[in-house]
Amino acid sequence: GAGVSQSPSNKVTEKGKDVELRCDPISGHTALYWYRQSLGQGLEFLIYFQGNSAPDKSGLPSDRFSAERTGGSVSTLTIQRTQQEDSAVYLCASSLDEGYQETQYFGPGTRLLVL
Amino acid sequence: RKEVEQDPGPFNVPEGATVAFNCTYSNSASQSFFWYRQDCRKEPKLLMSVYSSGNEDGRFTAQLNRASQYISLLIRDSKLSDSATYLCVVNMRSGNTPLVFGKGTRLSVIA
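Chains as they are written, first to last, in this note's numbering: chain H, 38 to 152; chain A, 4 to 114.
Treat the hints with care, as some may be off.
[What the hints assert, rightly or not] For lysine to aspartate or glutamate, the following EDC-like pairs were computed, each having C-alpha atoms within a straight-line distance of at most 16 Å: (1) H:Lys54 x H:Asp100; (2) A:Lys5 x H:Asp100; (3) A:Lys48 x A:Asp85; (4) A:Lys45 x A:Asp85; (5) A:Lys106 x A:Glu8; (6) A:Lys106 x H:Glu81.
Keep in mind the hints are simulated off the structure, nothing from the lab.
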């Protein structure tokens with residue numbers, strides 16, 4: 038079956054521009070996560086959606102970052118006024134809404150480069 | 004103390020060797036534990052969950068020591084295809100919640 042998909046796979050932008058990154062989770066998965074991985078660093082949690090609950094935004098690094106999840110499926114991560122330190126791989130993951138089964142399935146990521 | 008700490012490596016081992024990775028976590032209330040594998044320029048993928056009693060999957064053995072807040076992964080009879088970065092991952096709460104990832108330990112298996 039189809040896994041988590043993300044688009045674009047690569048994005049090069051100029052400092053100060055806005056970017057939108059898209060994530061299509063696995064069908065039927067109610068939990069969706071965004072992480073960021075900078076070069077040589079571990080994965081950093083950004084934001085988490087679970088069903089119809091209010092999202093957990095505790096990982097967003099600044100108010101330039103926001104995310105939406107429409108219809109409980111597709112999610113968009115928006116970075117406004119991009120800075121060079123935003124350059125990283127942005128990974129999306131999804132999981133089933135079952136407390137004991139916490140496996141998160143990751144998409145291939147979007148590589149963002151801010152010049 | 005960082006939430007999840009791992010030896011970054013790299014571990015360079017010959018084929019057939021046994022190699023062990025360690026990981027410590029800071030939150031004693033952590034609920035569940037995992038090892039993920041990440042190949043170069045690829046996304047992380049679940050390798051195995053770590054259970055309190057320890058668990059084995061083929062050549063891979065994972066162990067958890069809650070008292071010492073320590074997790075280990077043992078790989079026996081290393082294959083070239085085992086070369087990757089191994090991420091220690093902790094769920095600080097129960098249910099579907101964001102995971103906390105270590106920075107990973109890089110393994111290179113050499114012919």
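Going down the list of hints, with the structure as the test:
{"no.": "1", "hint": "H:Lys54 x H:Asp100", "result": "holds (15 Å)"}
{"no.": "2", "hint": "A:Lys5 x H:Asp100", "result": "violated (25 Å)"}
{"no.": "3", "hint": "A:Lys48 x A:Asp85", "result": "holds (13 Å)"}
{"no.": "4", "hint": "A:Lys45 x A:Asp85", "result": "holds (14 Å)"}
{"no.": "5", "hint": "A:Lys106 x A:Glu8", "result": "holds (7 Å)"}
{"no.": "6", "hint": "A:Lys106 x H:Glu81", "result": "holds (10 Å)"}
Checked against the numbered hints given earlier, this structure breaks only hint 2.
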